[in-house]
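Number of protein chains: 2
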Amino acid sequence: MPLTFEILATDGEARLGRLTTAHGVVETPAFMPVGTLGAVKGVTPQELEAAGASIMLANLYHLALRPGIDAVERLGGLHAFTGWRRPILTDSGGFQVWSLGGLRKVDADGVTFRSHLDGSALRFTPEDVVRFQERIGVDVAMVLDECTAWPVERPAAAASWERTLEWARRARSAWRGGGGGGLFGIVQGSVYRDLRERAAREIAALDFDGYAIGGETERRTVVEWTAPALPADRPRYLMGVGYPADILHAVAQGVDLFDCVLPSRNARHGVLFTRQGTLKIKNAGFKDDPRPLDEECACPACARTSRAFLHHLFRCGELTAPVLATLHNERYYLDFMADLRQSIGLGASGFFRSP
Amino acid sequence: MPLTFEILATDGEARLGRLTTAHGVVETPAFMPVGTLGAVKGVTPQELEAAGASIMLANLYHLALRPGIDAVERLGGLHAFTGWRRPILTDSGGFQVWSLGGLRKVDADGVTFRSHLDGSALRFTPEDVVRFQERIGVDVAMVLDECTAWPVERPAAAASWERTLEWARRARSAWRGGGGGGLFGIVQGSVYRDLRERAAREIAALDFDGYAIGGETERRTVVEWTAPALPADRPRYLMGVGYPADILHAVAQGVDLFDCVLPSRNARHGVLFTRQGTLKIKNAGFKDDPRPLDEECACPACARTSRAFLHHLFRCGELTAPVLATLHNERYYLDFMADLRQSIGLGASGFFRSP
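Chain order of the listed sequences is A and B. Residue 139 in the numbering used here sits at position 139 of the first sequence, with consecutive numbering throughout. Residue 472 in the numbering used here sits at position 117 of the second sequence, with consecutive numbering throughout.
Treat the hints as calculated values from the structure; they're not laboratory data. These numbers were taken from a predicted model, which means no experiment stands behind them. Keep in mind that the hints are not guaranteed to be accurate.
As the list claims (entries may be wrong) - Pair ranges (Cβ atoms, derived):
| # | chain 1 | residue 1 | chain 2 | residue 2 | range |
| --- | --- | --- | --- | --- | --- |
| 1 | B | Ala364 | A | Asp70 | 51 to 61 Å |
| 2 | B | Arg421 | A | Ala50 | 41 to 51 Å |
| 3 | A | Lys105 | B | Ser454 | 19 to 29 Å |
| 4 | B | Leu701 | A | Ala50 | 53 to 63 Å |
| 5 | B | Asp473 | A | Gly119 | 48 to 58 Å |
| 6 | A | Ala50 | B | Glu517 | 23 to 33 Å |
| 7 | A | Ala159 | B | Asp643 | 18 to 28 Å |
| 8 | A | Lys105 | B | Glu404 | 19 to 29 Å |
| 9 | A | Leu346 | B | Ser475 | 53 to 63 Å |
| 10 | B | Asp643 | A | Val152 | 53 to 63 Å |
| 11 | A | Arg135 | B | Asn638 | 18 to 28 Å |
Heads up, the beta-carbon is just placed ideally off N, CA and C, and yes, glycines get one too.
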């Protein structure tokens, strides 16, 4: 079964959709918790399901280093390996390779880099990256892209886009789709509007199963230019975004999929999202606060414990602190998306607010 | 409702029992996971329940330092504070205070010690410790004892026991039992058989709701001397023990309650208990092992993932590694106790084996 996407309702540019893969259904707009190495840090697959996650993101670059693509394949693929039974999207590693700075060298054919762990040399070509994702059986595979550096002059941004487009063509040709997943193309083009619009047209012409918007700068503006230029009948994914308000903004431009490390990373630092705003739970003011983190939340922390208990666990450096906090923050994001989907279904997403 | 204990069946000296408190029923022999500061490290209260724990141990010394008895009381007691709704036993802190070494000074009236955290001075008398446990609403309170140093000559061991006995008398007098819990006395006496037997008689004469066996040395021998000398109709608790084989040995001597940090501490180090023996999951031999940790285990790790995945998570230093490992090890201990109870009920505990 190939990946399919249908739009159930629209509200302005916002869309209520259903993405279906061999591993299940994702109601969109959807948030993908980040399980870089196969698990959201501190969370079991069962707890992630219970929080309401319908799709998880894992990272091909990190998995290729540890435990290696061969190992994941031998162990039955990424679902069998991780115990996560619902759809999985893998980031192609383009962004991670780009982040390596001096440790990577890009040429026309691909990227050579040194492991951030042991310095060993590895090489990713666009074909490798497609093949790796097919071999480990992901539901949504991403093409290898070049994440354009910032700041960048227009000629360099255009040249970078030409390389990413060529790599996208090669990835599209290499994709066999046998495992029942889909392959997404990625729009780059930095902060240049006409370049972004051209990139959207050129990538759309390659007929991917979905389209991602990449880049690290001026995200809201870029989304406003790019999303409307992408095919209306395919899922749109804004990579690495973001705060709830940024997600809401992008949904209003017609974006369907999101991932971000914010809920889990902030949780580990004791920064908790709630419907009343953000709590820095280590602050002394929470020492005697008997209220749950968020009165309207049904996560394991809010169902049983108080701000005072989380404060205590964080102050004592207890392992249960980041666990409960992560369960809460992921649930907050997933509830936020569910509420947003309901608003779109009611034609009321214009009234939806993030705290 | 006071604490009650009934014996449902016996098999030799082994007993199948039922301990009932205001917060629920504990089938014995039972293992109490250790939640020193109110939570088993890395585990939510819901997951601990799901693992089959019917009672949790917390530590009065640690809670008195952080967040403080006043704070726990203001927050509605230890159950409301921690979100753990089933029975709770608190260790009196005697052992922790004793472990402080030079930071503590014992006199006839009690113990003065310096916080291991900030050096501030605190004082515990036998009456304080009872009162603290009443105020935070524990189900099973422990008397303050002196954990006799080792090695120790017989006269010093006897003198130490006299002090613990006097403290036990004072604790018994101070106990009001208003909250529906029970107070347990503690037998000390080091490795001297007649001293242990006398201690058991003397502490039994004070009519506690249950009796604990303390000490750090020669545990099996001490249990063989002490358990038969304790009142048959009251629960017997062997403090801080131990490996499954040690628990099995003690159950065969008529011990009903156990606590130990081994399952959680070993889990954090990647040492996993299974029905086939112990696995050091970080060892390279597990890199490609697709089997669950234990084929017969239904914990969240075994239900979904493999030895290879746990190996991967530990090698990567992922937070999910100790979480899954702790859920597994606690479940292993709790399943072990459930199997042992079944054997006692069948009159077959003599055939029960630990791996």
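Hint by hint, here is what the structure shows:
1. B/Ala364 / A/Asp70: 51 to 61 Å: The hint (51 to 61 Å, Cβ to Cβ) holds, given that B/Ala364 and A/Asp70 are roughly 54 Å apart.
2. B/Arg421 / A/Ala50: 41 to 51 Å: Given about 30 Å between the Cβ atoms, the range is violated.
3. A/Lys105 / B/Ser454: 19 to 29 Å: For A/Lys105 and B/Ser454 the Cβ distance comes to about 56 Å; the hint is violated.
4. B/Leu701 / A/Ala50: 53 to 63 Å: 36 Å, violated
5. B/Asp473 / A/Gly119: 48 to 58 Å: 43 Å, violated
6. A/Ala50 / B/Glu517: 23 to 33 Å: Given range 23 to 33 Å: violated, Cβ gap about 54 Å.
7. A/Ala159 / B/Asp643: 18 to 28 Å: For A/Ala159 and B/Asp643 the Cβ distance comes to about 43 Å; the hint is violated.
8. A/Lys105 / B/Glu404: 19 to 29 Å: 53 Å, violated
9. A/Leu346 / B/Ser475: 53 to 63 Å: 57 Å, holds
10. B/Asp643 / A/Val152: 53 to 63 Å: Once the Cβ atoms are compared, 43 Å apart, the range 53 to 63 Å for A/Val152 and B/Asp643 is violated.
11. A/Arg135 / B/Asn638: 18 to 28 Å: The hint (18 to 28 Å, Cβ to Cβ) holds, given that A/Arg135 and B/Asn638 are roughly 26 Å apart.
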